[in-house]
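**Q** All chains should be built: construct the whole structure from the sequences, respecting the hints.
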Amino acid sequence: MDHVIIVRYGEISLKGRNRGFFEDKLVDNLKLRLQEYPNLTYYKKDSRIYIELNGTPAEPVLTKAAVVFGVVSVSPATRCSTQFDEIAAAAVAETENAMKRGKIKTFKAQAKRGDKKYPLDSQEIGREIGACILRRFDGQLTVDVHNPDLTVYVEVRDYAYVYSQKVPGYGGLPYGTSGKGLLLLSGGIDSPVAGWMMAKRGLILEAIHFHSYPFTSERAKEKVEELARILSLYCRRIKLYHINLLEIQTAIREKCPEELFTILSRRFMMFIAARVAAHNHCEALITGENISQVASQTLQSLHVTNAAVDIPVFRPLIAMDKMDIINMAEKIGTYETSILPYEDCCTVFLPKNPATKPRLEKVLQHEAALDKEALIKSALDGLECKIITP
Amino acid sequence: MEIYLDNSATTKPLDEVVAAVNHMMTENYGNPSALHRRGLEAEHAVKKARSQVASLFNTGNHDVIFTSGGTESNNLAIFGSLSTIRDTSRPLVTSAIEHPSVLNIFKHLEKNGRKVIYIRTDAQGFIDLDEFKKALDDHPALVSIMTVNNEIGSIQPIAEIARLIEACDEKPVFHTDAVQAFGKIPLPSTAVDLMSVSAHKFHGPKGIGGLFVKKGARLAPLMFGGGQEGNLRPGTENAPAIVGMGTAAAWAEARLSENMDKLNQLKASVINGILKEISGVRINSPISPQFAPHILSVSFKGIRGEVLLHSLEQDGIYVATRSACSSKKKSRNHVLEALQLSPDEAEGTIRISFSSFNRQDELDYVIEKLKHHVASIRRITGWRG
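Residue numbers (our numbering), protein chains in the order written: chain F, 1 to 390; chain H, 1001 to 1385.
By construction, these hints were calculated from the structure, which means they are not laboratory data. Just so you know, these numbers come straight off a predicted model, no measurement behind them. A virtual CB, placed ideally from N, CA and C, is assigned to each residue, including glycine.
List time: in silico DSSO-like cross-link candidates among lysine-lysine, alpha-carbon distance up to 27 Å:
1) F/Lys352 <-> H/Lys1301
2) H/Lys1301 <-> F/Lys255
3) H/Lys1371 <-> H/Lys1276
4) H/Lys1215 <-> H/Lys1048
5) H/Lys1369 <-> H/Lys1012
6) F/Lys31 <-> F/Lys200
7) F/Lys255 <-> H/Lys1371
8) F/Lys331 <-> F/Lys386
9) H/Lys1133 <-> H/Lys1115
DEER-style ranges, computed between Cβ atoms:
10) F/Leu364 <-> H/Thr1010: 50 to 56 Å
11) H/Lys1111 <-> F/Thr63: 39 to 45 Å
12) F/Lys352 <-> H/Ser1342: 16 to 22 Å
13) F/Lys372 <-> H/Pro1289: 55 to 61 Å
14) F/Glu373 <-> H/Ser1279: 32 to 38 Å
15) F/Glu373 <-> H/Glu1258: 56 to 62 Å
16) F/Thr63 <-> H/His1108: 39 to 45 Å
17) F/Gly55 <-> H/Gly1230: 54 to 60 Å
18) H/Leu1275 <-> F/Lys372: 38 to 44 Å
19) H/Phe1224 <-> F/Gln35: 46 to 52 Å
20) H/Gly1316 <-> F/Gly102: 57 to 63 Å
21) F/Lys386 <-> H/Lys1111: 40 to 46 Å
22) H/Lys1111 <-> F/Ile291: 40 to 46 Å
In silico contact screen, one side only, chain F against chain H (beta carbon under 10 Å); selected entries:
23) Pro214
24) Val348
25) Phe349
**A** Here it is, written out as structure tokens:
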């Protein structure tokens, strides 16, 4: 009898001939996430991954494994031989532990039989194990098959596995199985969530941040680095680029109509992001844009911004409600940092009445007043790059 | 080049202060309350420091209680006095331009039902004495008025306030927050009951300050413990910091008038330089006996204080501003509001605060950089004089 963590991965099992690639990547990612526990051993079987604890405490392994992208759920389980007495003993022990953790009055035992040659069928195993538990905790527990406080799961395969907890993971695909994207990361609430969502679909993240020091504070940069650090908890390491937009913003301010300031700034961010992406083999841009949240995110504005680049632009938050974005930011741990006061754009630049329905031809016409190439080159010359790790 | 002009926020400790603290930490590390010689030597050092600090406010009629700094001294003074006064119907009097460590105490008391009278100031930053006289008619239990305002440097009429209080039948406790005055200017009156001071504002260490308590003043402790500091601030004495504070106080006392002259010269040269080179400026802290020599508040129209601060920081020049560049919350400044500055002026206000270690050639460079940055920021904000 020993202890394992069962890691379930849902969607990957639907993959055809590529399944092995996704599974191996997931195992690699689990190993990296859990590298501080040298005694763990891993194996793939039954369309899942098993982590043998070999004496490592289950709790921290469980929490860390659960947040690895691609993992649907994890369970700490007792693994034993398929001999009935041993399964029963494990089930009783599992029940006893659960009763120590919290108040339990009702339970059920639910079995699954992978080994069809096993002498009892699933129904019978469940019933017999239930009876054993009931005998042991006579007077303390009753059976409730519909709404029990505790469900003891028994799975009989080449080994038997007994468990009662299922910790949900985030699902998605193993990190690094979908190519590389460049996230336009600001200090706000939305963009970290957008990056996280794409990373969950297997995209490797790099991030680019635009500031206008000294019109913004160094703390604004630090805040974005902290957001990148939080994302790196899911993505291991993030390459973060800082770009100073001050010269560009000054030029826009001097040469273009005030109401187009934001949309033109956005276009320059896209120009620069596309170049940085190309240079670093990122195949998509990711933004936190969300339809009609602000003037620069109306359909017309998004069209004008989008027309700045050829590279695909992913906007995973496009149809989400702000409250749902906030809830996600809280869940992934970026919210508290995002609401710190330091901002990426000084209020002196912000137009009083930004255009909400800019027309592309008109924007292009005003953009032509700027020495676009020189401005982009000068901004790229000042690029700062940092590798952010947890 | 690094030019530190944020000496009202904190000062760089003197070398001799660092040496004194170091000595206390490495050699004279005993607990002053211990009965053996190690303890006795530490006790002697603390005693010497206490007299050095007391000497800067040489009244013979006050005891010095060491605290963790200005904030604690203010809390001890106000809460400690009020807990000895039974009658909670008597109001409390303070000014509208106090430091947050005083103002927020009164806000807290107000929330709990206490009546607080906030005396307004005139456009120069001095409290309105007529209003103050009227407030005295309400028989306040306590008056707390700062000696030097931390943002603009106005010196409040402490001696006059003390005289008015002296004339009351039912005298309120008189506390002054002298954190920006102590070690910088001669203190205007000895007739205060309680006075808060802080070491790191005059080249001492952080985390140490003092409360001057007039003999016979009634004060209760905020914390309870082993009886140190006359039972008013128990806890093992922070002997290294106390000795550091004493060293800084002795230095400040020996050079008080010399330093004041130097600081006034530095301040005057910056004021003249700014007025000569830059338009659209308002000087909130003129050269005058009624303004502290080390604080200079200037408002530049068409500027964000924080942008100017970061621009100067690129040249190694460190100043302060209370107007943070945030669109989410308009940072309102209670002091500049009390001065009736226009929002534009308030937003473009920076504080330059000197130490006697600043040099004239540094300040010429500062003027040059100020001129340059103000002009380039104004180009962006579109301000025209």
